[in-house]
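Protein chains in written order, with our numbering: chain Z, 1 to 441; chain F, 1 to 1020.
In case anyone wonders, no lab produced these hints; they're calculated from the structure.
Check before you lean on any hint, since a few could be wrong.
Stated by the list, open to error - The list that follows gives simulated cross-link-like pairs (lysine-lysine, DSSO-like), each with its CA atoms no further than 27 Å apart:
1) Z/Lys72 <-> Z/Lys58
2) F/Lys382 <-> F/Lys131
3) Z/Lys329 <-> F/Lys967
4) F/Lys223 <-> F/Lys595
5) F/Lys583 <-> Z/Lys407
6) Z/Lys329 <-> F/Lys307
7) F/Lys382 <-> F/Lys405
8) Z/Lys429 <-> F/Lys835
9) Z/Lys26 <-> Z/Lys46
10) F/Lys835 <-> F/Lys817
11) Z/Lys46 <-> Z/Lys60
12) F/Lys835 <-> Z/Lys430
13) Z/Lys46 <-> Z/Lys429
14) F/Lys242 <-> F/Lys167
15) F/Lys460 <-> Z/Lys407
16) F/Lys345 <-> F/Lys835
17) F/Lys307 <-> F/Lys167
18) Z/Lys72 <-> Z/Lys26
Please read these numbers as outputs of a predicted model, since none were measured by experiment.
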Amino acid sequence: MIRFTTGVVLVLATAAPLTAQDLLAKAAPQTGPIILTNATIHTVSKGIVLGGTIWFDKGKIQAVLANGEEPKLPRGLPAPVRIDLGGKHVFPGMISPHTQLGLIEIGMVPQSVDTNELGEMSPEAIAMTAVNPDSAAIPVARANGVLAATVFPIGGLIPGRASIMQLDGWTNAEMAVRVNAGPVVTWPAARSRRFRPAPTPPTEDKGRHAEQRQQIDDAFTAAKAWSNARTVDTKVPLDIRHAALVPAIRGEVPVFVLANTVEQIESAIRWGVSRKLRIIIVGGHESRGCTALLSQHQVPVIIDGVHRLPRRDDVGYDEAFTLPHDLRKAGVKFCIGTGSDYSNDRNLPYHAATAAAYGLSEQEAFAAITKDTAEILGVGDRLGSLDVGKDATLFIADGHPFELTSKIEMAFIQGRKIDLRTKQSELAKKYRERYRQIRGK
Amino acid sequence: MRIGKLVVLATLVASTIAQGPPHNGPRPVHPGWYALQNATVIPEPGEELTRATIVMRHGRITSIENGVAAPKGATVIDCTGLTIYPGLIEPFFASDVPALDEDMTDKHWNAMVQPQRNALDGALVGEKERKELRALGFTVVAAAPSGGILKGSSTIILLDEPTDTDKARVLNPTAFPVASLQTNRGGYPNSEMGAIALLRQSLADGQWYTRCQSAVARDASLKANAPQASRVLAAISGQSAKPLWFDTTNELQSLRCLKVAKEFRRKAVIVGSGMEFRRLAAIANSGAPFIVPLQLPETPDVSTAAKADRVSLRQLQSWEQAPTNSKRLLDAGVTIAWTTTRLRKRSDFTARVRDAKEQGVTSAQALAAVTTTPAKLLGIDKDCGTIAVGKLANLVVVEGSLFGKERIVRDVWVGGRRHVVAKAKDVGLDGSWTLASGWPGDGSNGMPIVTIDGKKITCKLGDDEIKVGSSKRDSDSFTCQLKGKATKDHTFWLRLHRDKNGLTGVCTQSDGRAFVITATRAAKQDDSNKEDDDKEEKEETSKLAIEASLPTPLGGYGFAEMPSQRDFAIVGGTLWTGDGRGKLRSGAVYVRRGKIAFSGPSNDMPELPQGTVVVDAKGKHITAGIIDCHSHTGISRGVNESGQAVTSEVRIQDVVNPDDVNWYRQLAGGVTAVNQLHGSANVIGGQSNTVKVRWGVLNPEEMMLVGSAPGIKFALGENPRRVNRRSSANTRYPNTRMGVEGVLRDRFAAAEAYAQELAAYQKLSPRERAKVLPPRVDLELEALAEVLASRRRIHCHSYRQDEIFMLCGLANEYGIKIGTFQHVLEGYKVADAIKQSAIGASSFSDWWAYKFEVYDAIPDNGAILHEYGVNVSFNSDSSEHARRLNTEAGKAVKYGGVAEHEALHFVTRNPAIQLGIFAHTGSLTRGKDADIALWSSNPLRYAARCEATWVDGRMMFSLERDAELRKGIQTERQRLLQLALDKGGKGSGRTAKEGDPRDAYWAAEETHIDYCCRTAVGGR
């Protein structure tokens, strides 16, 4: 049981009417220190603290304390809110590393799908711009402890740039953790994603793939040339497409390369290495076959979903389930996603849980959706673990989030207490009321 | 001589052209009287005559005897050194026949049904193919019309050249009706089950037509209401006594066709794919003869590591084992005939026969497969198939043995007409010749020897070389100049030509004197070629060269033999009884002969008989096998028959695919029973099929769960409205939820009327029945009549509350109970209606937002319905998800707080009730089938792994066996990949086409269907 002893009750109590979450107010900024005591703290970075205390203020974690240690609050702070968690668990918010959350409302309604810019090359498109802060899918993901996500545009060879968003904010700017997380490259495939038994992959595609890979490379060459020229001569006009690629060329942001097959991954690494880009493989279905190259060049992988069927009839039924473990053994850095499944981002912990059932330790698997994710995305200073100085983006649960039966009871994003209600929870309430009325008759 | 005694047999059936044009000039006369002498004759498989004489006249064989003289008057053809075989018979040659005229009124509503067509009206066999076939020794062809489901009749013809008067000499103009399961993309049927349904309905219509005709014959007054004369139905009806020939694309399809034939008590002949060995037992069991193509798969492309990685073990095995197909079929007692059909290069036929022989097919079996067997199957064995007096003079004259590597087909005699394929090899002049009489030069040291080797001519006298100049030769003469010691250094001109005894000619000296000269063959060198050929023949084997007992299904995870039902007990684990007793902390189950003999606390277990296997389940959990109430796993070639808005005539049970490896994967997730559903593309879909996951059965039908409630798929909302199709606007009724209701109402009314009509007829006494017309069997309405009679459960794809409410109302009106609402994502809004009108609700745990009608879906759906008292199950709708239904059930605990053991009921007990199989399975209750899953921990916990799965008390999966199998797969893959590498496997650059029988080996029925009804259009 969670007991509140509050100085400022109003800040935390949700007084909103029973409406769908997308009609609800966003969380108010943290106005005073919050102290969670008697907690099982899963720091991810430094193990588990039993009966510990964690407190945060101004959106940042101030201390993680062992059992018996009292927080030393500086003078002059408003009265803190203390919450006794009764042994319940505190975890850093989970991060969905590859999704279209906020860009798609309803998959089959084109008007509500805002993911594909025209043409093959649109690096200027930046996901954050189109993320709808009032999407009903955002609270749904959040209610299960997924508190941040990397939103990707899709379509074409360079669909645009991904943005890392925290899942609360009045505007998409408020939601953005990193507006430009890096450009996205769809690495031309040697075969279609869907396996079709065939004696050979279609030969006519070989030439096209080479050509497409060249087009991608040319885009980076052109951007670099433009950047060099503009550095010297500021009168060189702005080219927003070229400009969009410059931070990646300079190594300031990574390049997300969508690649699943061995051929794709290998050639993508060769390309990235030759261009001195920091690439991240997104997808990585066959990354087990390229661990040597991946670890040699320290290329991380965003595993796109653990719940997948095996690639071939005779490989083990658990091929996808054991992939994270095999990457770990081979020394490849990775994190786990849901397979770009915007409406099912809430199931992120279950993908990691399966990896834990099939080889990874529970801690390793949980790191693969928190700390490792944050580090791969370049936001390890703010998200991914419960360490002093990081964002107070965390949630409280009655058990491990891997367990299907665990319930997420409370969540904070940058210290702001999140309303965990959703369109779905409110619909459930609304219709339970219907049956109450029926029974009442 | 015997010939005198013979009555000249009836001439061949006249051609299509009854009377030819008048001759332009005197009529030509061909006596057609021949004697082939001195040949080795193989009159039929296993027999041999040496130095025999075959006499033929008027197209037929009049005598065949050893060493007799040819009759006077016959043209004698010397066949010394040659072997004569009966002419080969091609039993199936797909032939283009023009489609029936669009404007024709008397035709079937569906263009796939054209039984009144006849191959005779088409191209028969083209000139190029005639030549190709004759070059292989073929003399008779059964041409079958191609295209369609009921394609029309085949025509058996002699493989002759057309004459001025005859397009072909015809043995049987309307031989056999030919059928296939061809589909029609964009029309009806567009699925294999749809094709079967159309075939079935058409055959039934034929029967009905026959019965109506005889009713009218009995009582002319019935004519007024009888079906009007129809060439389509008359054709089906008229062919009904003949065997049906099915042109099939793979071994499972062959079995499906045989099933339909059996339903109509029709004999069938199957034109197969060459992959029959993969389902050998079932095929042998059917007793049907097979026309087996000899096409072999290409060597898999293993040129790069990545490509090799993509080739599955099943494909590799299929590739390696394909040459053994005929041998395995013969050993299993299947009657087989071979065909050149499906060969990419027809001329490869002989080489493929040799491949089969290398695997142990004997020469006699091989010959039978192209002569006597096809003759019997085609019903022409009185005329063809062997060399015998009175039969047609269809002969193949071969140098070497018929299928030998170096053999040369010299002549093919077709109905007494000679077709020269190859002339005698031009070896007449080659060799060494000793000049004999007349040599004008020096002969004191013996005579010069001239050696001819092709164009090269050399000459020697003893050891002395004689220079040869200006030499020229053709097939039987040569000229040259000689100069050397033996010519006293003069130049001699030599010109010689062949005659009976050697060479004769003239030698002219430079002074102009000429001498007649002869030459005889010098001592012969051995003729090695021919002997090799014979040797090959002698080393004949009758054993399989690639010996391997093949697992079922072929591939990595099949069984050499189904696991036995030996008695066992699982003791000491947490027992989730599923039958109202809840969870038992330390429980046990004892299984005897596949049934649960005890289920309860370990302490109460009766003493086990000696030798009972005991599984220690301490710390583990035992549950009933998982049941998936909505699956599209293991459905061949089309989950949807979307060609019409109503397709209740199609049956999933017709297209069960027992080879889908997803069955095995689901066993690894504890799944033991599955409801295979039709897709959701139409308002009334096909009949569903409930199976046990009996991976490894020999016959596909054995998967069916006998005793389950028959089901049918309905679909409401966006999918049947077809509003999410991006390709084109919907032009098919219905376009709204209002229209969906309209379709249902109309069909229910029609089915009601149909049922009444049938019932009225059935009430009549046999005598009264004879006085009326029989009612027409309508398979579509028959299924719906079963629904209205509560003998078939509706499983209805549904999302929104309004549509759910609509169907509930309609069901109430008709006094029927709906089986399940499937998906039923807004079921939580109308739990009361569902509770009243349906047996249950089968939902996803938490899917939503993928299309507009699921925007209000909530994960509490299951819990709310459950709270209200609705029987709820969670299903997969996905071959992937199906493996994790235990944790999906856990979500009912998370969202809505369902008790743990009740949450597990969502994937065991409740779906069993919904499918009407709870008497057999779905709980660990004494007397039920031993369908059990053993889990490493609480199955709702993420860390729980299924350790073993039993179906009917057979252990179908265990982690130990799985680990062993994987090791075996590794070894076997390595061996086969190396074999492919050694054979230079580069592939052909061709992409395999699904449904192309030549790719049966690749397309291999490997289907991966996922999220069928979750998609916006209800599947493909």
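(message) Hint by hint, where does the structure go against what was stated? Just the numbers, ascending.
(response) Structure breaks hints 4, 7, 9, 13, 15, 16, 17, 18.
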